[in-house]
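Peer 1: Protein chains in written order, with our numbering: chain V, 1 to 393; chain W, 1 to 393.
You may find that some hints are simply not true.
No copy is singled out in the list; a pair is fine if it fits within one copy or between any two copies.
Stated by the list, open to error - Capping the alpha-carbon separation at 20 angstroms, the derived lysine to any residue pairs in SDA-like fashion look like this:
#1 Lys371 - Asp319
#2 Lys8 - Glu237
#3 Lys368 - Asp239
#4 Lys272 - Leu81
#5 Lys277 - Asp52
#6 Lys272 - Gly369
#7 Lys279 - Met162
#8 Lys325 - Gly360
#9 Lys194 - Trp142
#10 Lys109 - Glu4
#11 Lys109 - Lys272
#12 Lys109 - Arg229
#13 Lys112 - Lys277
#14 Lys312 - Gln263
#15 Lys112 - Lys272
#16 Lys277 - Ser108
#17 Lys277 - Arg160
#18 Lys194 - Arg160
#19 Lys66 - Asp132
#20 Lys66 - Ile146
#21 Lys112 - Asp244
To be clear, the hints were calculated from the coordinates, so they are not data collected in a lab.
2 protein chains.
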Amino acid sequence: MTEEIPAKDRVAIIGIGQTKFGEQWDRSIRRITLTAATACIADAGVSGDDIDGLYVSNTSTSSFIKQEHQAAMAADSGGLLPIASTEVEAACASGGVAVRHAYMAVKSKEHKMVMAVGCEKMSDISEPAIADTLMGAADREWEGQIGATFPALFALLARRHMHRYGTTVEQLAYPSVKAHANAVDNPYAQFRFKVSIEQVLQSAMVADPLRMLNCAPISDGAAALLLCRGDLVDQFEGDPIWIDASTQASDTLALHDRPHITQFRAVTSAAKQAFNKLKMKPAEVDIAEIHDSFSISEIISVEDLGFVEKGKGGPTLVDGYFDKKGTIPVNASGGLKAKGHPVGATGIAQVAEIAEQLRGRAGKRQVKGVKRGLTLNLGGTGSTAVVHILNRE
Amino acid sequence: MTEEIPAKDRVAIIGIGQTKFGEQWDRSIRRITLTAATACIADAGVSGDDIDGLYVSNTSTSSFIKQEHQAAMAADSGGLLPIASTEVEAACASGGVAVRHAYMAVKSKEHKMVMAVGCEKMSDISEPAIADTLMGAADREWEGQIGATFPALFALLARRHMHRYGTTVEQLAYPSVKAHANAVDNPYAQFRFKVSIEQVLQSAMVADPLRMLNCAPISDGAAALLLCRGDLVDQFEGDPIWIDASTQASDTLALHDRPHITQFRAVTSAAKQAFNKLKMKPAEVDIAEIHDSFSISEIISVEDLGFVEKGKGGPTLVDGYFDKKGTIPVNASGGLKAKGHPVGATGIAQVAEIAEQLRGRAGKRQVKGVKRGLTLNLGGTGSTAVVHILNRE
Numbered sequence: 001m002t003e004e005i006p007a008k009d010r011v012a013i014i015g016i017g018q019t020k021f022g023e024q025w026d027r028s029i030r031r032i033t034l035t036a037a038t039a040c041i042a043d044a045g046v047s048g049d050d051i052d053g054l055y056v057s058n059t060s061t062s063s064f065i066k067q068e069h070q071a072a073m074a075a076d077s078g079g080l081l082p083i084a085s086t087e088v089e090a091a092c093a094s095g096g097v098a099v100r101h102a103y104m105a106v107k108s109k110e111h112k113m114v115m116a117v118g119c120e121k122m123s124d125i126s127e128p129a130i131a132d133t134l135m136g137a138a139d140r141e142w143e144g145q146i147g148a149t150f151p152a153l154f155a156l157l158a159r160r161h162m163h164r165y166g167t168t169v170e171q172l173a174y175p176s177v178k179a180h181a182n183a184v185d186n187p188y189a190q191f192r193f194k195v196s197i198e199q200v201l202q203s204a205m206v207a208d209p210l211r212m213l214n215c216a217p218i219s220d221g222a223a224a225l226l227l228c229r230g231d232l233v234d235q236f237e238g239d240p241i242w243i244d245a246s247t248q249a250s251d252t253l254a255l256h257d258r259p260h261i262t263q264f265r266a267v268t269s270a271a272k273q274a275f276n277k278l279k280m281k282p283a284e285v286d287i288a289e290i291h292d293s294f295s296i297s298e299i300i301s302v303e304d305l306g307f308v309e310k311g312k313g314g315p316t317l318v319d320g321y322f323d324k325k326g327t328i329p330v331n332a333s334g335g336l337k338a339k340g341h342p343v344g345a346t347g348i349a350q351v352a353e354i355a356e357q358l359r360g361r362a363g364k365r366q367v368k369g370v371k372r373g374l375t376l377n378l379g380g381t382g383s384t385a386v387v388h389i390l391n392r393e
Numbered sequence: 001m002t003e004e005i006p007a008k009d010r011v012a013i014i015g016i017g018q019t020k021f022g023e024q025w026d027r028s029i030r031r032i033t034l035t036a037a038t039a040c041i042a043d044a045g046v047s048g049d050d051i052d053g054l055y056v057s058n059t060s061t062s063s064f065i066k067q068e069h070q071a072a073m074a075a076d077s078g079g080l081l082p083i084a085s086t087e088v089e090a091a092c093a094s095g096g097v098a099v100r101h102a103y104m105a106v107k108s109k110e111h112k113m114v115m116a117v118g119c120e121k122m123s124d125i126s127e128p129a130i131a132d133t134l135m136g137a138a139d140r141e142w143e144g145q146i147g148a149t150f151p152a153l154f155a156l157l158a159r160r161h162m163h164r165y166g167t168t169v170e171q172l173a174y175p176s177v178k179a180h181a182n183a184v185d186n187p188y189a190q191f192r193f194k195v196s197i198e199q200v201l202q203s204a205m206v207a208d209p210l211r212m213l214n215c216a217p218i219s220d221g222a223a224a225l226l227l228c229r230g231d232l233v234d235q236f237e238g239d240p241i242w243i244d245a246s247t248q249a250s251d252t253l254a255l256h257d258r259p260h261i262t263q264f265r266a267v268t269s270a271a272k273q274a275f276n277k278l279k280m281k282p283a284e285v286d287i288a289e290i291h292d293s294f295s296i297s298e299i300i301s302v303e304d305l306g307f308v309e310k311g312k313g314g315p316t317l318v319d320g321y322f323d324k325k326g327t328i329p330v331n332a333s334g335g336l337k338a339k340g341h342p343v344g345a346t347g348i349a350q351v352a353e354i355a356e357q358l359r360g361r362a363g364k365r366q367v368k369g370v371k372r373g374l375t376l377n378l379g380g381t382g383s384t385a386v387v388h389i390l391n392r393e
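Generate coordinates for the entire structure from the input sequences, incorporating the hints supplied.
Peer 2: Structure follows, in structure tokens:
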């Protein structure tokens, strides 16, 4: 199908920039954002003057340091004035939403070249404040008020998945083991060391059955992408990577309103829209980055994306199907678990990773022969899902 | 120019919904949002199933009641799942940004019919908390830390405008007098009573030279618009109003980084983009809604939009040029000052007002014979500006 679409109606990624994820005590959020943005511009070989739109994804800076209006702040500190600059927020899916809006801004012909940059600085915020703020991604009024924390909600999903499909704590440990093994080769990753199933099962309990090593960490970091109208890519150096589908869907904010809490309906919807648009099957995806904020998220997501039958996520993961050398490598970057999860940056970093892999520039973590990749970014307990499908050609 | 664009590449407003602005102690933010959204759907004569995209503009709910992820919340409580739903934030310009993104979503052909809904609930938040949160729209680190409040920053603009251009406190009072006079006829307005120049000048001092009646109030309320691809409008009842230009620009976050604080460069840039696109002059605008969060904002804005020569905003206003019976009626709705300013709703309500005026359905506040209208929505101290130009044909 993609052959039929004229280049002017396609959208290409022509620049990628990232900071290392982890603790960045010595840098402000302005500086972290700027570091990723300037790396992205340098990667594309363009100048700031070429860029006519900016999207900023950030989740909690308004709560953490009471700074709203970060779109203007990023445009300002990046020296990009008077650029049109917009902040989007969809909890942990903010980054994916920013990429999608950069994509639509180009596709609408209102813009020619648009940057999406996502950032979060969390290390210097107290853990209770972070826990409280993250709960704002779920339903504060109906879930937060009864004392639920964000990990507690995902623990409910995990417990129910175990009950319904026989998923075991060992299977629940596996996404983390895989993520850490992959992160060893990623210079941008927060945790570049392996963990074993035993280590996961012996780590501190957070919300039964989720232990510390089942949960993505608190991170600082930023990631940026530069998107460009397809007919203009020849003006710039480097290999463009094409965004062939960008889809988004929603589910209830609170878990208790869903018929089955073991299904992410927003994922099913966004994935179906994307696969239908491209007339492709899930199995035709060569590589994916999937939102593993908690290891149960990855298990449910590989099912709802259609990669495996419902309920089979756990055993299929343990079988190595999603390993770096498996059938569909998932989270070759280390994922949110081991690469890190600076919330606003995550969805952009996922697309950045797939684009680097498709360009064949992922260094030691390169997966060979990949042509088509998918990203899934989740917000809240799956209340927002954003899917991107990228193509090398 | 607009005649040349095929209908499928144009975007129309086919539905408008608003709540009354003011104090709504007995309604949650979900309910307020839903009230405007359902009124909008009813106005368009469509069903929720026809809508395939949602934009939510809100500024401070994440700070006020620690609820993030309001795009999913609105999709959920509106019964619109699994719709793609996105929250945008650009301080007081959030509503304008939401309209612009609904417009681009349709124009990109990724969506056919998109709602933009904006809301804010402020009455039940303590005034110090509101003052503190609003300061997050400016530069928290460089302006907030030295004790500036949001009115104090606008007072600096006003004082400098008085010094540089001879603007008087009587001229500064006039936008409020005009706004209150117009609001008398608006059933959606928070303050439906007149004030005199003397009353403005005798009201309590907030930040010299700005007095209470120079400042927009704290409000609860919501506004919604339904946008549709141009070639589909014939399927629905009612008069479509066309969005011919939707532009956005940024300026520095902090005032001290600007060469002249009496100019809103983002306004100049967004207005120039819009007028150039339509090959029209500012004087060809029949009616406008202009962001008057403080009366100095309206004075500077009518200058930077090109309606009057720089520095002449004050005297031109007092001359009645922008009165309801003047050359270009500005804020026939009552503006932010008297209609009210529920922050996230404001930019959408401005476009709603112009659309109602162009449809000839503005009731007692109707301005006769208007064909082309403009809205200007500002964020922060002019760090974001969004301009829309609407056309009856």
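Peer 1: With reference to the structure, classify each hint as holding or not holding.
Peer 2: Going through the hints against the structure:
Proximity of Lys371 to Asp319 under the C-alpha cut-off of 20 angstroms is found in neither arrangement, the shortest distances being 24 angstroms within a copy and 66 angstroms between copies. For the homomeric pair Lys8 and Glu237, the shortest alpha-carbon distance inside one copy (18 angstroms) is at most 20 angstroms, but the shortest distance between copies (34 angstroms) is not. For a Cα distance limit of 20 angstroms, the shortest separation of Lys368 from Asp239 inside one copy, 17 angstroms, qualifies, whereas the shortest one across copies, 56 angstroms, does not. Taking identical chains as interchangeable, the C-alpha atoms of Lys272 and Leu81 lie at most 20 angstroms apart only when they sit on different chains, with a minimum of 15 angstroms there against 39 angstroms within one chain.
Within a single copy, Lys277 and Asp52 get their C-alpha atoms only as close as 28 angstroms, which misses the 20 angstroms cut-off; across copies the closest is 15 angstroms, which meets it. Taking the shortest Cα distances, Lys272 and Gly369 never come within 20 angstroms of each other, neither inside one copy (25 angstroms) nor across copies (48 angstroms). In this homomeric assembly, Lys279 and Met162 never come within 20 angstroms of each other (Cα to Cα): the closest approach is 33 angstroms inside a single copy and 63 angstroms across copies. With identical chains, the CA atoms of Lys325 and Gly360 are at most 20 angstroms apart within one copy only, with a shortest distance of 16 angstroms there and 65 angstroms across copies.
Taking the closest pair of Cα atoms, Lys194 and Trp142 never come within 20 angstroms of each other, the shortest separation being 38 angstroms inside a single copy and 43 angstroms across copies. With identical chains, the CA atoms of Lys109 and Glu4 are at most 20 angstroms apart both within one copy (19 angstroms) and between copies (16 angstroms). For the homomeric pair Lys109 and Lys272, the shortest alpha-carbon distance between copies (18 angstroms) is at most 20 angstroms, but the shortest distance inside one copy (26 angstroms) is not. In this assembly of identical chains, Lys109 and Arg229 lie within 20 angstroms of each other by CA distance both inside one copy and across copies; the values are 8 angstroms within and 15 angstroms between.
Within a single copy, Lys112 and Lys277 get their C-alpha atoms only as close as 23 angstroms, which misses the 20 angstroms cut-off; across copies the closest is 15 angstroms, which meets it. When the C-alpha separation of Lys312 and Gln263 is checked against a cutoff of 20 angstroms, the pair qualifies only within one copy, where the shortest distance is 13 angstroms, while the shortest distance between copies is 61 angstroms. When the C-alpha separation of Lys112 and Lys272 is checked against a cutoff of 20 angstroms, the pair qualifies only between copies, where the shortest distance is 18 angstroms, while the shortest distance within a copy is 28 angstroms. For the homomeric pair Lys277 and Ser108, the shortest alpha-carbon distances inside one copy (18 angstroms) and between copies (15 angstroms) are both at most 20 angstroms.
When the C-alpha separation of Lys277 and Arg160 is checked against a cutoff of 20 angstroms, the pair qualifies neither within a copy, at 33 angstroms, nor between copies, at 56 angstroms. When the C-alpha separation of Lys194 and Arg160 is checked against a cutoff of 20 angstroms, the pair qualifies neither within a copy, at 28 angstroms, nor between copies, at 61 angstroms. In this assembly of identical chains, Lys66 and Asp132 lie within 20 angstroms of each other by CA distance both inside one copy and across copies; the values are 15 angstroms within and 8 angstroms between. Taking CA atoms no more than 20 angstroms apart as the test, Lys66 paired with Ile146 passes between copies only; the shortest distance there is 15 angstroms, against 26 angstroms inside one copy.
In this homomeric assembly, Lys112 and Asp244 come within 20 angstroms of each other (Cα to Cα) both inside a single copy, at 17 angstroms, and across copies, at 19 angstroms.
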